[in-house]
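Visitor: Just need the whole structure built from these sequences, with the hints factored in.
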Amino acid sequence: MLRRETVTRYIEPLREGGSLPALAEAGDEFKYVVKFRGAGHGPKALVAEMIGGEVARRAGLRVPELVLLDVGEEFGRTEGDEEIQDLLKSSRGLNLGLHFLSGAMTFDPLSNRVDELTASRVVWVDAFLTNVDRTVRNTNMLWWHNELWLIDHGATLYFHHSWEGWEKAAVSPFPYVKDHALLRHATRLREVDAEMHRLITPEFLAALVEAIPDDWLADEGRTPEEGRRVYREFLTRRLAASEEFVKRAEDERRLLI
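Under the working numbering, think of the first position of the sequence shown as -3, with each following residue one higher.
Keep in mind that the hints were calculated from the coordinates and are not lab data. Keep in mind it's a predicted model, so treat the numbers as computed, not measured. Glycine included, each C-beta is placed from N, C-alpha and C at the ideal position. Some clues are possibly wrong.
[Stated by the list, open to error] In silico EDC-like links for lysine to aspartate or glutamate, alpha-carbon gap of 16 Å or less:
{"id": "1", "residue 1": "K174", "residue 2": "D247"}
{"id": "2", "residue 1": "K174", "residue 2": "E240"}
{"id": "3", "residue 1": "K27", "residue 2": "D82"}
{"id": "4", "residue 1": "K164", "residue 2": "E239"}
{"id": "5", "residue 1": "K164", "residue 2": "E240"}
{"id": "6", "residue 1": "K164", "residue 2": "D66"}
{"id": "7", "residue 1": "K174", "residue 2": "E246"}
{"id": "8", "residue 1": "K243", "residue 2": "D189"}
{"id": "9", "residue 1": "K174", "residue 2": "E229"}
{"id": "10", "residue 1": "K27", "residue 2": "E69"}
{"id": "11", "residue 1": "K85", "residue 2": "E70"}
{"id": "12", "residue 1": "K27", "residue 2": "D66"}
[Said to hold, decoys possible] Cβ-Cβ distance ranges computed for the label pairs, FRET-style:
{"id": "13", "residue 1": "E143", "residue 2": "T219", "range": "35 to 45 Å"}
{"id": "14", "residue 1": "G217", "residue 2": "L195", "range": "27 to 37 Å"}
{"id": "15", "residue 1": "V167", "residue 2": "P220", "range": "19 to 29 Å"}
{"id": "16", "residue 1": "A207", "residue 2": "A236", "range": "34 to 44 Å"}
Guide: If you want it as structure tokens, here you go:
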């Protein structure tokens, strides 16, 4: 599902948030924001980024292209910061890159307006993925060429940080939707819910989960296939239970207006 490239040039660290991504160039001569497997939440953040980004793209939203990036032993050796050196050493192998949108600005909910259909799609996708990190304080959205782009899905699927109770999490109403940056404008959630069930099918979700690299799944004593099974079942059950999080989003929106 994703292209695979090799990182050829380390440009600079991007000191934003706790994951310490970096700007780098790959063999295709494009620049990417690299998310490292050696960062705080490890490969789980890359799984969440991959699933979150590709679900959003399937939903018709703009997401920078995601690319699998191989990081070799030489990568980043010129970096003088010891903390970043350690991060790069622990990230050798397969990482994830997002195509760099040069000149993009952070989305401002007050000055950058989006239409109600787009807002409803973003809210639906984030409630489906249990994304706790799309708030007014930290929108994780960019404004590029007068269009909305979604980035940073590493905080989605937060159930996998403990793996316990994932069955309950799959059908939860997602109360954190009350803090969503676009909730006030999400007036077409019922219409979008029907649309998403046509686009985001169990077959699509199964193919997406199957494409997760084995290297990102073999942790905590689980085999890659065991990890895939949980992700696949979580996403499929959550899709079937969309009425729960759509109703909660509508209820929370009514409290705002």
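Visitor: It remains to establish, for every hint, whether it holds in the given structure.
Guide: Hint by hint, here is what the structure shows:
1. K174 <-> D247: With Cα atoms ~9 Å apart, K174 and D247 stay inside 16 Å; holds.
2. K174 <-> E240: 14 Å, holds
3. K27 <-> D82: 22 Å, violated
4. K164 <-> E239: Satisfied, since the Cα-Cα distance of roughly 15 Å is no more than 16 Å.
5. K164 <-> E240: Roughly 12 Å separates the two Cα atoms, so the pair holds.
6. K164 <-> D66: Violated: K164 and D66 sit about 36 Å apart, past 16 Å.
7. K174 <-> E246: 10 Å, holds
8. K243 <-> D189: 11 Å, holds
9. K174 <-> E229: 26 Å, violated
10. K27 <-> E69: The given pair, whose Cα atoms are some 19 Å apart, is violated under the 16 Å limit.
11. K85 <-> E70: Satisfied, since the Cα-Cα distance of roughly 9 Å is no more than 16 Å.
12. K27 <-> D66: 14 Å, holds
13. E143 <-> T219: 35 to 45 Å: 41 Å, holds
14. G217 <-> L195: 27 to 37 Å: Taking Cβ atoms as reference, G217 and L195 lie about 35 Å apart, which means the hint holds.
15. V167 <-> P220: 19 to 29 Å: 25 Å, holds
16. A207 <-> A236: 34 to 44 Å: 22 Å, violated
Violated hints, in rising order: 3, 6, 9, 10, 16; the structure is consistent with all others.
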